[in-house]
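**Student:** Here is what each chain is made of, one letter per residue.
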Amino acid sequence: MMQLSQDLIQRYHDVIESLGPEALKEMLQAMHLIRAFEERAEQLYMLGKVHGTMHLSIGQEATAIGAANAMQDGDYLLNHHRGHGHCMAWGSDPNRMMAEFMGRETGYCRGRGGSMHIADVDSNNLGANGIVAGGIPIAVGVGLSIKMRRTNQVCLVIFGDGAANEGAFHEALNMASIWALPIVFLCENNQYAMSMPVEKAFNIENISQRAAAYGLPGITVDGNDPLAVYSAVSEAAARARRGEGASLVEAKTYRYKGHSKSDKQAYRSREEVRDWQDNRDPILRFANLLVLAGVITEAEAATMRDQAIATIDEAVEFSENSPEPSVADILDGVYA
Amino acid sequence: MPELRELTYAEALREGLRQLMAEDERVFLIGEDIGVYGGAFGVTAGLLDQFGAERVIDTPISEAGIAGACIGAALTGMRPVGEIQFMDFVTLSMEQLVLQAAKVRFMFGGKASVPMVLRMPGGSGTGAAAQHSESLENWFVHVPGLKVVMPSTPYDAKGLIRAAVADNNPVIFVEHKLLYKTKGHVPEAPYSVPLSQTQIVREGTHLTVVATSIMVSRALQAAEQLADEGIQLEVIDPRTLKPLDDAPIIESVKKTGRALVVHEAVEMGGFGGEVVARIAASEAFDYLEAPIRRLAGLDIPIPYNRELEYHTVPQVESIVREARKLVKGEY
Ligand SMILES: Cc1ncc(C[n+]2csc(CCOP(=O)(O)OP(=O)(O)O)c2C)c(N)n1
Ligand SMILES: [Mg+2]
Chain V
1 MMQLSQDLIQ
11 RYHDVIESLG
21 PEALKEMLQA
31 MHLIRAFEER
41 AEQLYMLGKV
51 HGTMHLSIGQ
61 EATAIGAANA
71 MQDGDYLLNH
81 HRGHGHCMAW
91 GSDPNRMMAE
101 FMGRETGYCR
111 GRGGSMHIAD
121 VDSNNLGANG
131 IVAGGIPIAV
141 GVGLSIKMRR
151 TNQVCLVIFG
161 DGAANEGAFH
171 EALNMASIWA
181 LPIVFLCENN
191 QYAMSMPVEK
201 AFNIENISQR
211 AAAYGLPGIT
221 VDGNDPLAVY
231 SAVSEAAARA
241 RRGEGASLVE
251 AKTYRYKGHS
261 KSDKQAYRSR
271 EEVRDWQDNR
281 DPILRFANLL
291 VLAGVITEAE
301 AATMRDQAIA
311 TIDEAVEFSE
321 NSPEPSVADI
331 LDGVYA
Chain G
1 MPELRELTYA
11 EALREGLRQL
21 MAEDERVFLI
31 GEDIGVYGGA
41 FGVTAGLLDQ
51 FGAERVIDTP
61 ISEAGIAGAC
71 IGAALTGMRP
81 VGEIQFMDFV
91 TLSMEQLVLQ
101 AAKVRFMFGG
111 KASVPMVLRM
121 PGGSGTGAAA
131 QHSESLENWF
141 VHVPGLKVVM
151 PSTPYDAKGL
161 IRAAVADNNP
171 VIFVEHKLLY
181 KTKGHVPEAP
191 YSVPLSQTQI
201 VREGTHLTVV
211 ATSIMVSRAL
221 QAAEQLADEG
231 IQLEVIDPRT
241 LKPLDDAPII
251 ESVKKTGRAL
261 VVHEAVEMGG
271 FGGEVVARIA
281 ASEAFDYLEA
291 PIRRLAGLDI
301 PIPYNRELEY
311 HTVPQVESIV
321 REARKLVKGE
331 Y
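Taken in sequence, the protein lines are chains V and G. Each step along the first sequence adds one to the number in my numbering, with nothing skipped, and position 133 is 133. Each step along the second sequence adds one to the number in my numbering, with nothing skipped, and position 28 is 28.
Be aware that a few hints might be false.
Claimed, not checked - Among the chain V residues that face chain G by a calculated CB cut under 10 Å, a handful are:
no., residue
1, G52
2, E105
3, G113
4, G162
5, E166
6, Q191
7, M194
8, I330
9, G333
Calculated directly from the structure, the hints in this document are not laboratory data. Note that the structure is predicted; figures quoted are calculated from it, not measured. Heads up, the beta-carbon is just placed ideally off N, CA and C, and yes, glycines get one too.
With these hints in hand, go ahead and build the complete structure from the sequences.
**Tutor:** Written out as structure tokens, the structure reads:
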């Protein structure tokens with residue numbers, strides 16, 4: 001059991017108050033749902049029911065949930081290859097996500113995109129990206145369009161620590177800054193880019209420091225704490241909505257699973273992984289906090305995982321009963 | 001007879017690189033996850049332990065930087081071998097490759113050279129979907145100053161990597177994901193397969209099939225099947241797409257009177273168009289008994305769904321079908 005002090009509750013008093021018990025409960029439930037989805041995804045892969053690859057965000061659920069909950073209806077999302085969690089946190093339908101993962105016609109992308117490219121354009125989720133940093137400059141265009149159309153929307157763009165070393169990241173932050181665009185750049189720092197640890201890829205302590213070079217505010221938060229992420233992203237989004245421009249939020253978290261399906265993980269120790277799992281697990285921590293704060297009972301907390309698994313069971317059933325795309329339509333959909 | 005030693009395509013590349021590094025201190029490797037991880041497809045596994053982090057350099061995710069680092073090092077006396085994790089990501093290196101590496105020598109009046117190799121796996125068939133399955137080799141073929149190599153067997157992989165590293169020009173070295181685990185005879189002693197040397201891999205009389213990369217083995221399988229029907233394919237592997245040794249292709253078509261070009265990349269604007277044009281413009285024209293045809297990828301991004309992915313690029317069945325039509329005059 002993790003130690004949680006009354007201090008923490010005190011620290012989060014305001015945010016707990018402002019979100020209210022229903023929203024907090026839903027956040028925890030959604031974190032369970034993400035984990036259940038991804039555990040099942042891995043299982044389906046092992047069973048040979050899925051071909052291709054996948055990138056699991058197990059251990060990172062708090063960042064997705066904290067960030068998505070800080071955004072409003074009508075806002076935009078761009079995310080990256082490790083994106084199941086972001087998508088689900090954005091409110092996507094587990095059935096259609098699973099169907100996409102399983103390559104079915106009923107999936108969000110009609111089985112054409114797969115795990116790495118799930119998009120739900122109807123809810124302004126402009127899609128995951130297979131190219132590291134590929135979504136970051138697109139956010140600049142979304143921000144520009146929001147400004148030109150004079151709406152009150154904000155664009156949330158999520159990318160990894162690795163993405164911050166692509167040129168695209170630097171070009172985008174600068175453009176967002178000089179044009180004061182309504183963008184929240186969220187760097188989900190899970191300590192590794194494939195096998196490359198952040199200590200070797202950066203000569204700075206926090207990736208958020210890079211914001212300063214472009215004249216943007218930058219902040220680093222505990223990415224395993226949904227309320228810390230929620231608070232930081234809320235503030236950044238509010239700033240953007242006030243017309244004051246973009247921000248860079250760095251959420252420090254940890255990926256439990258290998259980078260993708262075929263990762264021997266020779267670049268890190270089992271002890272390191274276990275330490276994060278045992279001492280900083282975002283779901284356990286948040287559940288404990290909500291119990292301590294009197295938002296849910298221990299009994300309620302105990303049923304949430306099973307509830308999530310049941311939802312995912314249904315999603316798999318839906319997908320398995322869904323048709324495969326037809327080869328006769330193979331040429332469709334390239335041009336508008 | 002002693003049994004011939006077999007290696008996989010990935011092992012053959014690794015052995016080739018290991019021998020080059022052991023012989024020549026100027027050779028070093030640079031790329032993403034090539035050290036402890038051993039490369040996304042395992043090609044460089046173990047080389048970090050053998051040669052150390054100064055010669056097996058893991059980079060941040062910075063493909064323009066990788067290409068530029070190779071160019072700068074090559075200009076100043078080193079012989080870098082860069083790795084782009086998937087060919088798709090070379091799109092981020094294009095400026096450095098196309099506008100710098102390819103042109104430096106010419107622009108500087110021949111006073112500098114860029115002896116670098118950039119390895120990258122292309123191709124579909126692993127369910128990696130649209131942004132991890134590209135076959136972009138012909139982009140490079142279009143650029144004066146670059147050489148483009150595409151080995152189809154473990155033997156050629158080892159011999160061509162040696163020739164590529166020895167070459168004093170930037171060489172784009174295109175591997176294929178589905179070939180990495182394929183096995184074939186590979187001698188242990190170092191050897192080169194010269195660049196720009198087209199190879200006839202199977203002799204036949206009815207139809208010349210020019211195939212690249214993974215399509216060479218598919219064309220050979222198709223040839224086996226058709227042989228049972230009495231149709232003899234001559235299968236030709238250019239191995240180096242640029243500069244192209246077209247003489248064996250033209251000679252072959254003079255013999256067979258028919259030609260089919262097979263590659264995985266999208267047909268329109270693909271390498272096949274160049275081969276067809278060379279045949280059509282050559283003395284083989286007078287010998288043609290059928291239209292020259294191409295069989296290539298559909299004009300769509302690679303789909304995720306397994307069935308769709310399979311049907312997007314040429315397979316053994318489709319090569320058999322197309323070849324049979326050409327030979328039987330049913331086009
Ligand atoms: C431009 C580009 N380079 C390399 C890759 C291969 N690749 C995919 S994910 C990844 C690591 C990304 O690390 P990070 O941005 O930290 O995200 P994480 O995977 O840790 O969530 C790499 C190297 C890619 N998809 N795109
Ligand atoms: Mg990372």
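**Student:** Give a verdict on every hint.
**Tutor:** Outcome of the hint check:
1. G52: holds, 3 Å
2. E105: holds, 9 Å
3. G113: holds, 6 Å
4. G162: holds, 4 Å
5. E166: holds, 6 Å
6. Q191: violated, 14 Å
7. M194: Holds - the Cβ of M194(V) comes within 10 Å of chain G, reaching about 5 Å at its closest.
8. I330: Status holds, d = 6 Å.
9. G333: holds, 8 Å
When held up to the earlier numbered hints, the structure conflicts with hint 6 and nothing else.
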